[in-house]
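**Q** Okay, here's what each chain looks like letter by letter:
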Amino acid sequence: MLHQLEGSQAIAKAVALCRPGMVCAYPITPQTHIVEHLGELVHAGELWNCDYVNVESEMAAISVTIGSQAAGVRSYTATSSQGLLYMIEGVYNASGLELPIVMTLGNRAIGSPINIWNDHSDAMAVRDAGWIMLFPETNQEAADLHIQAFKIAETLQCPVMVCVDGFVLTHAYEQVDIPSQEMVDDFLPHYKPQVCLDVANPLAIGTMVPPEYFMEVRYLAHKKQFEALKIIEHEEKNFHEKFERHAGGLIRTYKTEGAETIIVAMGSVLGTIKDTVDELNAQGGKFGVVSIVSYRPFPSEALEAALAIAPHVVVVEKALAVGIGGILSQEVKLCLKNPRKKVSSIIAGLGGRAITKSMLKHCLEHDLHWEKILSWEEDHREIFLGLNHDTIKKEFESVKNCCCKQKENQ
Amino acid sequence: MTSLTIGNRLDDQDAAEQSKYDRHNSLTSGHRACQGCGEALAARCVIDAAHRVTGGNIAVVNATGCLEVFSCVYPENSWRVPWLHSLFGNTAAVATGVASAFALAGSKDTRVIAQGGDGSTFDIGLGCLSGMFDRNDDVLYVCYDNQAYMNTGVQRSSATPVFARTATTLPTKGYMGNSIGTGKNVPAIAMAHGIPYVATASIANIRDLEEKISKAILLRGSRYVHVHVPCPLGWGYPPSETIRMARMAVECGLFPLFEAENGVLVGSTPVDNPKPVDDYLRIQRRFAHLFGKNASPDSIEALQQIASRNIEKYRLSGELSHE
Chain A
1 MLHQLEGSQA
11 IAKAVALCRP
21 GMVCAYPITP
31 QTHIVEHLGE
41 LVHAGELWNC
51 DYVNVESEMA
61 AISVTIGSQA
71 AGVRSYTATS
81 SQGLLYMIEG
91 VYNASGLELP
101 IVMTLGNRAI
111 GSPINIWNDH
121 SDAMAVRDAG
131 WIMLFPETNQ
141 EAADLHIQAF
151 KIAETLQCPV
161 MVCVDGFVLT
171 HAYEQVDIPS
181 QEMVDDFLPH
191 YKPQVCLDVA
201 NPLAIGTMVP
211 PEYFMEVRYL
221 AHKKQFEALK
231 IIEHEEKNFH
241 EKFERHAGGL
251 IRTYKTEGAE
261 TIIVAMGSVL
271 GTIKDTVDEL
281 NAQGGKFGVV
291 SIVSYRPFPS
301 EALEAALAIA
311 PHVVVVEKAL
321 AVGIGGILSQ
331 EVKLCLKNPR
341 KKVSSIIAGL
351 GGRAITKSML
361 KHCLEHDLHW
371 EKILSWEEDH
381 REIFLGLNHD
391 TIKKEFESVK
401 NCCCKQKENQ
Chain B
1 MTSLTIGNRL
11 DDQDAAEQSK
21 YDRHNSLTSG
31 HRACQGCGEA
41 LAARCVIDAA
51 HRVTGGNIAV
61 VNATGCLEVF
71 SCVYPENSWR
81 VPWLHSLFGN
91 TAAVATGVAS
101 AFALAGSKDT
111 RVIAQGGDGS
121 TFDIGLGCLS
131 GMFDRNDDVL
141 YVCYDNQAYM
151 NTGVQRSSAT
161 PVFARTATTL
171 PTKGYMGNSI
181 GTGKNVPAIA
191 MAHGIPYVAT
201 ASIANIRDLE
211 EKISKAILLR
221 GSRYVHVHVP
231 CPLGWGYPPS
241 ETIRMARMAV
251 ECGLFPLFEA
261 ENGVLVGSTP
271 VDNPKPVDDY
281 LRIQRRFAHL
291 FGKNASPDSI
301 EALQQIASRN
311 IEKYRLSGEL
321 SHE
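These protein sequence lines map, in sequence, to chains A and B. Using this note's numbering, the first residue of the first sequence is number 1, and each one after it goes up by one. Using this note's numbering, the first residue of the second sequence is number 1, and each one after it goes up by one.
Honestly, the hints are just simulated from the structure, not real lab data. Ideal placement from N, C-alpha and C gives every residue a C-beta, glycine not left out. Certain hints may be false.
Stated by the list, open to error - Covered by chain B, according to a simulated footprint, are these stretches of chain A (three or more residues, beta-carbon under 8 Å):
1. 10-24
2. 48-56
3. 69-82
4. 85-99
5. 185-199
6. 206-214
Full structure from sequences and hints, please.
**A** Shown next as structure tokens:
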């Protein structure tokens, strides 16, 4: 049924339909509305047979879900930014223990400087933590991916993080189709743990693993991610059959046929990118778009196939690895078999900086002009979209003045 | 007065769990603890006692530390109970999750024990522990206190006694080891949360330890039992002396044995004719710098005052005794 809902509410309703037995989180913007709404559902008895635990930190939030999931109960948590960093030890621990926890990450920048707005820095900080990481594009997809997330997690015994753009999605009101309980129950069976704490069958979970076995453990975690590629595709088809709409999968292509430049991105910015491409193509441009939905596992083969024909790939990314550049663009480069293919990186939207059609259009038409790119020097490896050079100049000046005075006083 | 004897001459109901031929032996032999390890002994007593009164209906969550490292290195495992290790600082929160899951699945009779050393309890895990107490989650938390980070090579924790030598408080000229006026009292912090049950216990008095655990495990809400477990390696004494060391700490008043319910002290084990702390300190290498060539009688006196204050504070002279 269609509802006019805030993204967070849509996610909360989708999670509730999955019947978790544990919801545990700690307040942090912009994730908070999700767990507030889940709390309401639990306390009103609408989500029954579920414990809602208010904790004192994100470390406790992930830990409570680790405990409940290890004891055989479907468990959910949510966080953002600093909160994710505060629980990072538990994030690695959950995947190491093979616990199919589902987490919503309301994507937000990482401080200092403190900033509550959207980018992908937080998700990038845990990209090697062994979780499956899915990036929805719209609120409808965000809700749908949570339903798929529990299924994928429990099939693989691997935690899944649904990375939802903070504010842009979490706080946006849109029409969202919330499926019925019967449909979700039909898609997502009752949770049966494969391994859990059991008095009748005492097992030790989380033992120390010495060097003789550790390599094998990590290798198996790597293999599991490759298996996940198949499961994610399978569940996308399965979901489409049951719910009659598309959500998830590994990647999605948009007007890539005959495109000379393909833009690759993740999350909510794809809407703006597709609109921009439509306008450019109407004027005779040859642009296409590839959306990455599954960031972990990284869909290398699917991506290589989708990008095979285009000579130029532009990655629009909402995170920056200082000292090296774009993160997503490096990973895209890694999966391309043709080393002569040009991959450009647009660093955009850091700390919630707006990404507008006109900015993208200007960048794609002028800054990333084909001949220009071929003659690029090393210091032009990435473009910072909408960077204000006056602010940077002023900052350099003020730092200079500030330092000198202090020294003089001493 | 409870006998210290754990021999088999007593009636079955008075005998210590550890003296019974059919004790569960929850932490089996073959683990990698050092000779004379107080923590290994205490952990077996605790889990065996809990196992007995619950009919084996328990699950254990273990913090990172000596106990975890020596008991469970893949592919070997010394635990004969369901056992989960997650991290160093989150044990109380993990136990909250486990207890919730059992309750949800209709196994409310399955009791959850969280256990860790003083490092995970006093320092890195105190936030999670306080959160668990605050919510009064249905978990028995047991702290095995050997008064320093033994697993990483004897560094100071906030349970380390004043003037003790550790690898990070090495006495030098003008510095007597761990500074006075620091440290924290976690049993008192637990009591301040008003949780149903708080107790201290010692491996020198196994009957008392077992009784407290047997009582605590059957209560509901958050319970905290703090066990004093000497460490031959970290304290510097022969492995054969572990029990004597624990007993001397009790007998001088430095480690008071008491029980509290809902934040109120309800009982303590009296110390008849308290021994001077001097006897207890002298035989440990970690206090050796207080004696000998550069002796520091002031420091010993300061420790004596701590013991005397304990005797007053926890009414160890006998007025509150329930024995």
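**Q** In ascending order, which of the hints set out earlier in this document are inconsistent with the structure?
**A** none
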